[in-house]
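Chains as they are written, first to last, in the numbering used here: chain A, 1 to 298; chain B, 299 to 554.
Hints were generated in silico from the structure; no laboratory data involved. Some hints here could point you the wrong way.
In silico EDC-like links for lysine to aspartate or glutamate, alpha-carbon gap of 20 Å or less [to be verified]:
{"id": "1", "chain 1": "B", "residue 1": "Lys397", "chain 2": "A", "residue 2": "Glu268"}
{"id": "2", "chain 1": "A", "residue 1": "Lys189", "chain 2": "B", "residue 2": "Asp355"}
{"id": "3", "chain 1": "B", "residue 1": "Lys384", "chain 2": "A", "residue 2": "Glu191"}
{"id": "4", "chain 1": "A", "residue 1": "Lys189", "chain 2": "B", "residue 2": "Asp401"}
{"id": "5", "chain 1": "A", "residue 1": "Lys189", "chain 2": "B", "residue 2": "Glu376"}
{"id": "6", "chain 1": "A", "residue 1": "Lys202", "chain 2": "B", "residue 2": "Asp401"}
{"id": "7", "chain 1": "A", "residue 1": "Lys189", "chain 2": "B", "residue 2": "Glu546"}
{"id": "8", "chain 1": "B", "residue 1": "Lys384", "chain 2": "A", "residue 2": "Glu180"}
{"id": "9", "chain 1": "B", "residue 1": "Lys534", "chain 2": "B", "residue 2": "Glu521"}
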Amino acid sequence: MTSGMRRTGTEKTMKAVLLISALASLMIVLLIFLFTMKEAMPAFREIGILKMLTDTTWRPGNDQFGILAMIAGSGLVTLGAVLLGVPLALGTAIFLSEVAPNWIVKIVRPSIELLAGIPSVVYGLFGMVVLVPLVRMIPAPGNAGFGLLAASAVLAVMVLPTIANISEFAVRSVPKGYREGSLALGATKWETISRVILPAAKPGIISSVVLGLGRALGETIAMIMVIGNSVILPAPITSNPLSIFLSRARTLTGNVAVEISYATGIHESALFATGVVLFILIILVNSSARFLMRRGVN
Amino acid sequence: MTAEIRMRAVDYSLFYGDFKALNSISLDIPTYRISAFIGPSGCGKSTFLRSFNRMNDLIPGVTTSGKVLLDGNDVSKEDVVNLRRKVGMVFQRPNPFPKSIFDNVAYGPRLHGTKNRSDLAVIVERSLKGAALWDEVKDDLGKSGMSLSGGQQQRLCIARAIAVEPEVILMDEPASALDPVATLKIEELMNVLKKNYTIAIVTHNMQQAARVSDYTAFLLTDENRAGNLIEFGPTKQIFTTPSDSRTEDYISGRFG
Numbered sequence: 001m002t003s004g005m006r007r008t009g010t011e012k013t014m015k016a017v018l019l020i021s022a023l024a025s026l027m028i029v030l031l032i033f034l035f036t037m038k039e040a041m042p043a044f045r046e047i048g049i050l051k052m053l054t055d056t057t058w059r060p061g062n063d064q065f066g067i068l069a070m071i072a073g074s075g076l077v078t079l080g081a082v083l084l085g086v087p088l089a090l091g092t093a094i095f096l097s098e099v100a101p102n103w104i105v106k107i108v109r110p111s112i113e114l115l116a117g118i119p120s121v122v123y124g125l126f127g128m129v130v131l132v133p134l135v136r137m138i139p140a141p142g143n144a145g146f147g148l149l150a151a152s153a154v155l156a157v158m159v160l161p162t163i164a165n166i167s168e169f170a171v172r173s174v175p176k177g178y179r180e181g182s183l184a185l186g187a188t189k190w191e192t193i194s195r196v197i198l199p200a201a202k203p204g205i206i207s208s209v210v211l212g213l214g215r216a217l218g219e220t221i222a223m224i225m226v227i228g229n230s231v232i233l234p235a236p237i238t239s240n241p242l243s244i245f246l247s248r249a250r251t252l253t254g255n256v257a258v259e260i261s262y263a264t265g266i267h268e269s270a271l272f273a274t275g276v277v278l279f280i281l282i283i284l285v286n287s288s289a290r291f292l293m294r295r296g297v298n
Numbered sequence: 299m300t301a302e303i304r305m306r307a308v309d310y311s312l313f314y315g316d317f318k319a320l321n322s323i324s325l326d327i328p329t330y331r332i333s334a335f336i337g338p339s340g341c342g343k344s345t346f347l348r349s350f351n352r353m354n355d356l357i358p359g360v361t362t363s364g365k366v367l368l369d370g371n372d373v374s375k376e377d378v379v380n381l382r383r384k385v386g387m388v389f390q391r392p393n394p395f396p397k398s399i400f401d402n403v404a405y406g407p408r409l410h411g412t413k414n415r416s417d418l419a420v421i422v423e424r425s426l427k428g429a430a431l432w433d434e435v436k437d438d439l440g441k442s443g444m445s446l447s448g449g450q451q452q453r454l455c456i457a458r459a460i461a462v463e464p465e466v467i468l469m470d471e472p473a474s475a476l477d478p479v480a481t482l483k484i485e486e487l488m489n490v491l492k493k494n495y496t497i498a499i500v501t502h503n504m505q506q507a508a509r510v511s512d513y514t515a516f517l518l519t520d521e522n523r524a525g526n527l528i529e530f531g532p533t534k535q536i537f538t539t540p541s542d543s544r545t546e547d548y549i550s551g552r553f554g
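Just chain A, with the same shape it has in the complex (with noise of 0.2 Å):
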C-alpha cells in the first residue's frame, strides 16, 4: 500500500469519526424527545392535550392535570426577568463595549462570567434570604415575600451573563465605520450608540434576549426555592394589576421536580407530558433565536 492510498484511507476514517460525533448530539437530543414523549403519552391519551394546556387545575389526587397555570407562572416569571434583566444587561453591554475603559472591562467582564457559574441552588439561597426578605416589605395583603417577584429578581441575575456576553458581542461587531461616520457629522457618543450601533446590534441583542428567555424557562431549583409553589392560576392580589408579581406561582420546571420523586401511573405520565410542553417551549425559543441572528447577519 502506497503512503497516498493510507492517507486517504486515514482521511475517510477521520471523516467518518467527526460525522459520528456530530450527529451524536442530535442522536441525543432525539433520544431524549422520543422517550419523554413515550411516557407522556398515557397523559395525553387519557387527559388530551388540549384539556392539559387549557385547565388550570392541577389536583392529582382528583386526577385532575391542568397545566395551564404552570405555564402562566413560567411565562410571567420569564416576563418578568426579562423586564428586569433586559435592561440591566443591555446597559452592561453598552458600557463594556463603548464607555468603559479597558482596566475596567477587564474587572467586570470576568465578574459576570463568574455569575453564570455560581451553581442556581445558590442563587435560591440567596433569594431567600435576601430577596424574598425584601419582597416581604411591600405592603400588600397576603404578600408572604414568595412568588413571580422575587423569582424574576433571582432569574434576572441568572440570565444577565448570557444577554450581556452576548449582546456586547453584537455591540462589539458593529462596524467601526459606522462608528466614525456618525462622528464624523458631529454626532455625540450618546447620539452615536443609540442611532447607528444599538440599531445596527439590534438582531444579535434580539437573539441574546431570547437565549436569555430560553436559560429562564429552564431554570428549576432556584425557582422552586422562591416562587412558593402554590399551583394557581397568578392573579393581581391587590387592585394594582402590577400586584400580580406578588403572587405566588409554580413553574412548569418546578412541577416536575417537586412531585417526580412521588408520582405513579397517570399522575407520572402527567409530568412527562410537562417535561414535553416544556421542551417544546425551548426549542420554539431557542429555534426563533436562530431565525433572528441569521436574518441579521443576510
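Start from chain A and add chain B according to the hints.
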C-alpha cells in the same frame, strides 16, 4: 494667485503616548481649493488629516502640541460637535449606515435639529444632487444604503457629509477601495464640489493627486519615524519642479 486660507496647521505635533507621530507641521489649506496630502504608507498623512476634525481625540493616549485653526480659531477650543459639523469627512472604505438612502443623508441634519420631513426631503435631494447620485437613486430613496455599489456608496457618504453644509470636506483615500470608473466619478465630483467647499484629500495615488489637486503636501517620516512635512506648494510645481530632492525621488517613483 493667493487664495484665502480656510484651515491652517501651526507647528503642529502629535504623539501616541511617548511616540511622536507628527513633527511640527505647518501648512495652510486654501479656501475652495483641493489640497492633497501624499507620501508613503505610515508617513502620518491620514493622522494629520484627522487632526482637522479632531478624529484623533477618539484614540486613547493621543496628545498634541501646536495648533490647528479653522477660520483663525483654534479647533481644540471649539465644541467638537460643532467643529465636525463644519469639517466633514469621507472615509477610505465607504461606510453608509445600515439605513435607507434617505435616512443616511438626513442623519446629520436630524442630529443638528431639522425634524420637518419636507425640509429634510429638500436637503436630501439637494445633497444627493450635489454628490451626483440623485439620478441613480431618486426612485429608491427607501432602499438600504448598503445595497448600492461601492462607488455609489461613497457618493452617498459624500452626500451625507455635504447635507450638514460643512465648510471643509476631508477625504481619507476616498477612492482607494473603488474601481477606476467609480474613481473617475469621485474625482469629477471633487472638481465640482470645490466651488462650494474647501477640500483636503489624502491619497496614496500620485496620479490622482496630480489630476485633482490644486496644492500638494508631501509628507515623509524622519529617522525617528515621525511624520514631517517635506514640501507644500501648488501641485504643478510639486510635480514638475520640486524644491526638495526627496520629493522628486518620491514622485518619480524611486521609493514608496
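So, going through the hints one by one against the coordinates:
1. B:Lys397 x A:Glu268: Violated - the C-alpha atoms of glutamate 268 of chain A and lysine 397 of chain B are around 54 Å apart, more than 20 Å.
2. A:Lys189 x B:Asp355: holds, 12 Å
3. B:Lys384 x A:Glu191: With Cα atoms ~18 Å apart, lysine 384 of chain B and glutamate 191 of chain A stay inside 20 Å; holds.
4. A:Lys189 x B:Asp401: holds, 19 Å
5. A:Lys189 x B:Glu376: Satisfied, since the Cα-Cα distance of roughly 17 Å is no more than 20 Å.
6. A:Lys202 x B:Asp401: This hinted pair holds, its Cα atoms lying about 17 Å apart.
7. A:Lys189 x B:Glu546: Outside the cut-off at roughly 43 Å; violated.
8. B:Lys384 x A:Glu180: Holds, at roughly 16 Å.
9. B:Lys534 x B:Glu521: Violated. Lysine 534 of chain B to glutamate 521 of chain B sits at ~29 Å, over the 20 Å cutoff.
Hint violations for this structure: numbers 1, 7, 9, all remaining hints satisfied.
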